[in-house]
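Protein chains in written order, with numbering that gives the first Met the number 0: chain H, 0 to 656; chain S, 0 to 148; chain L, 0 to 324.
It is worth saying that the hints were derived from the structure and are not from the lab. One thing to keep in mind: the hints can contain errors.
[To be verified] Only pairs whose alpha carbons sit at most 27 Å apart, straight line, appear in this in silico DSS-like list of lysine-lysine: (1) L:K164 x L:K154; (2) L:K317 x H:K495; (3) H:K414 x H:K182; (4) L:K99 x H:K505; (5) H:K502 x L:K317.
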Amino acid sequence: MRIGVYICHCGINIKATVDVAQLSTFAEKLPYVKVARDYLYMCSDPGQNLIKKDIEEFKLDRVVVVACSPRMHELTFRKVLESAGLNRYLFEMANIREQCSWVHQDKKSATKKAHSLLAASVHKVALLEPLTEKEVSVTPTVLVIGGGIAGIQAALDIADAGYKVYLVEKDPTIGGHMIQLDKTFPTLDCSACILTPKMSEVGNHPNIEIISYAEVADVKGYVGNFEITVRKKTRYIDETKCNACGLCVSYCPIETPNPYNLNLSKMKSIYIPYAQAVPACYVIDPESCRYLLKKECRQCEQVCQGLKAIDFKQKEQAITIQVGAIIVATGFDTFDPKGKPEFGYALYPNVITGLEFERLVNSSGPTMGEIVIQGKKPKDVVFIQCVGSRDKTVGNEYCSRVCCMYTAKQAHLVKEKIPHANLTIFYMDVRAFGKGFEEFYNRVKMEGVKYRRGNPSEIYKKGDKLIVKAEDTLLGELVEVEADLVVLAVGLVPSKSTEEVIKLLKLSRSPDQFLLEAHPKLRPVDTASDGIFLAGCCQGPKDIPDTVAQASGAASKALILISHEKVKTEAQTSIVNESLCRGCGFCVAVCPYGAIEPKMIEKAGEVTKVASVNDALCKGCGMCVPTCFSGAIQQKSFTDNQLLSMLSVLGEKNVSF
Amino acid sequence: MSHFEPTIIAFLCNWCSYAGADLSGTSRYKYPANIKALRVMCSGRVNPLMIVQAFRAGADGVVISGCHPGDCHYSQGNYFTRRRFILFRKFLEFLGIDPERVVLSWVSASEGKRFADLMEELTDKIRNLGPLKNFTPLETEARGEINDS
Amino acid sequence: MNLFSLKEAAKQALSQTEVNFVIGYTKGSYGFRVAPFFAQNEAEVEKLFFSPLCDLSLVNYLSLEKNTPLEKFGKSPEQKIGIFVRGCDSRAINQILSEKGIIREELIIIGIPCHGVIDIKKLEARFPGVLDQARAEEEDGKYTICFGDKSFAIKKEDILSDKCKHCAYPTPLIYDLLIDGKVEGKDDRYEDIKPQEEATLGEKEEFWKNEFSRCIRCYACRNACPLCYCENCILERLSPQWVKRSVNPTENVIYHLSRAFHLAGRCAGCGECERVCPVNLPLMLLNRKLEKDVKSLFNFTPGIDSEQKQFLTTYDLKDSEEFIL
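Could you build all of it, start to finish, from the sequences and the hints given here?
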């Protein structure tokens, strides 16, 4: 064991407070220390060369630098060791600047502390082992889970960069919720008009493979090397043959509620979600099709004689794909207002959600764009904001960000179609924070929409009108407003598929239940798991421009990863001493990355279970170590031995300096 | 009689507390030299039994400092630290060891001043408590002898 | 206690081909002593019994099974073991099962709802030097102790084991066969540790200094504990060395503190540690304190379910932030 100790003056930053010469003399006397020097600037070229020369001349096998914070220059000095032929992990740094000379005024006590920190580092470095990072190859493809606008944008960006993308979507078509919207705030662009060209681009892009009507069933592997199993549900129609002519529809005898119109209208059992669907292929609904339920009919099959696209023998498929990175874009669901029974959503057909309103006002919706409820155009329309948001009683304390603006837009659309309608919007606060939002809000107010501040407590029926009861807090009086139509501005909640993806990918959630990003400010599209990124509302409620921006961000992160052939993994990982391990699984349970797995080995003539660490997944946090009663699992460079030896020195009062 | 100066060992997590302590230094805030830091990657690495080892080694006080709940760089290490620590502190008290000598704090990378203030307060507090008498440090290994390998 | 059902249960277990022996109790060689017994056939089953004198736990043998002394009974991969289990024993087994220390399929658990066991030390203090094999029976809150030609009636609470006075789980929570009817558990308020908790810091320090100065580090507590079954106990290891070998108050405290903390959220309250201590250290005080805190702070009780998650490998976002700066 031959240790070299290098004490930095850092100009006067350290030297003015800590007696560096004394430190040097002290270091020389420590066991195994072959050379101890102090120098003006260890991180400078001459300083680094000093170390390099000594490594050669004194055949040093360990180095300690006593200077600034390792967060500053650990990497610098590791490179020095490497260039001198030593393993870069046989290095330790003692912080006597940021945590000593810069924070202590008394020179004597600062110098004494510096001695202690130096000795502790020497103790630790003597116990360090050489380590190597592993390199794993990267599959240059990306999986995007979710074909809404977030998934579409991310897929296009990656595909345009020249890489292959698998876009998995649970519905028979991509488009998500955006395709259900009418005009979007604040510019009043027609949602479908701006989305469908992008959908078409995705459908035609040579680098994008859409796997529609499918769900991710299993995820194995780690960053750069994910193995994904996708479960493709049966359409009973051959995607390569169907040309979406629609002839089968007129012959299908069964009608069933149309989920794309939120069950406000009916569709046939054989259907395409909407005209602009991508892929443009029909689907047979297994819950209503007469043949699939009762083995009668098959009219559609007969009619499709020319193309023979219908295949009742089609089976569910399991598709396996290899990808290097995953982007989660599983979007949102709207809050179910049955959770607020006082609004009577389940009771009154003229109490609807904001999304249902979008379908009503949309020209491809159940009423062809006429705002008609119970056969009539409504005269009095009331909007209620913050339904399911900013509400602790339903467990959603957060603000859903888009509702104030979409309500203003919806009020504007009603005014446009029914100019003499009486519109009231009950609100708590109006959040018009984005580009063009405040201006749009003012415009809507100018159109005669009444904003009343207060949260309604109840909706009840009186004759053929609904009465919305609320306290107008600005006037300080109770009001009862008549309504023919009540629109609940429902908030956004994580979609059901987000819940499933969390289990598969072992992702974490923020307190608001949306997916947790790696850092709230600096890493909003990364997750704690390397290689998995977030885009869109699955990470938190947001509108379309923010979604598109975030999707491009996630795409860029994924591209950074897959544009390299190899990726390095953490070296200071945990390792299991199999002879000590009793296979209890405590470490497995605490690992946030699922990096520890049970493994069967032969021990003392028996096949037994022990823990095993996957170096590619382990991030070197060490939280597994205290869970092991036998000390079988240890974190390299932070073993119990190393830390305890440091403690024995740091606590010593009797060491004379 | 010489004036008693406590020895306080601080386990600091690399991503938050150690960075916060570094920021104290960069900002030139001052705190006493009684605090000696031991860097770990995550506060979850700290085994509560190490607190006792620190005491036996001569420390009069121990600090474990990590990221604020919800901010852990490894997503959940500090939750485990919290659970272990709360239980251990009560247990130490039951055994007659003053729980005020063991501190768990959450210090983020941006809380330089707060770290300095906390260390100042803690040093004062432990100085007033006096030297820890529950553990007689073993005759320390001759200065410079390396412990087990 | 229906001894007949107990023996029938043991015979039933032995009748299965994979079962080589049933671990139960038999009368000890003298006085109030009771010994563990490995009955290998129907004839040996006759030696098995159960009475309030059966104060020891047999669960340790399940873990020791791996070691040599029991190898002589022959071992096959499908081997099963029958074992007598009281309430606290069943919790120990549940906890070990949840830690994958043993496999459920390897056990035939004969559950004995327990009315409490006698503290043999208290009995021997009352009747020192008894050599005739004694008997004990319980009825109506009284024990009848017989040895030689003498018979004595003693109030139950006078010689009942301290650990049984607050037992909340006297009926086994896991079993294949249950002998007799279930017994109601008590409402445990942890009154036994209250005086200790309410002492001043100085008093506490003094108390434990006196107690641990008697410890001779014989490791009997660790050996007797059913949940101390690590093949490589950290209290013995040299690298890293958590406890130094020297027997002095400092190392003794570290030994007991470390062992007790390793049992936090795992201890089944069987009291074996205190029972076997040759110098009568009040070790259960430590375990009871941790048990109480784990329950009140984290709402967790070990050994209730063999599939339970572990308390130290889980967390709650709402865990206490008391005393955190």
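Structure-based check of each hint:
1. For a cut-off of 27 Å, the pair hint linking K164 of chain L to K154 of chain L stands: about 13 Å separates their Cα positions.
2. Taking the CA atoms of K317 of chain L and K495 of chain H, the gap is near 25 Å; set against the 27 Å cutoff, the hint holds.
3. Only pairs whose Cα atoms come within 27 Å are accepted, and K414 of chain H paired with K182 of chain H is accepted, the gap being roughly 14 Å.
4. This hinted pair checks out: K99 of chain L and K505 of chain H have alpha carbons roughly 23 Å apart, not beyond 27 Å.
5. For the suggested pair K502 of chain H and K317 of chain L, the alpha carbons sit about 22 Å apart, so the restraint of at most 27 Å is met.
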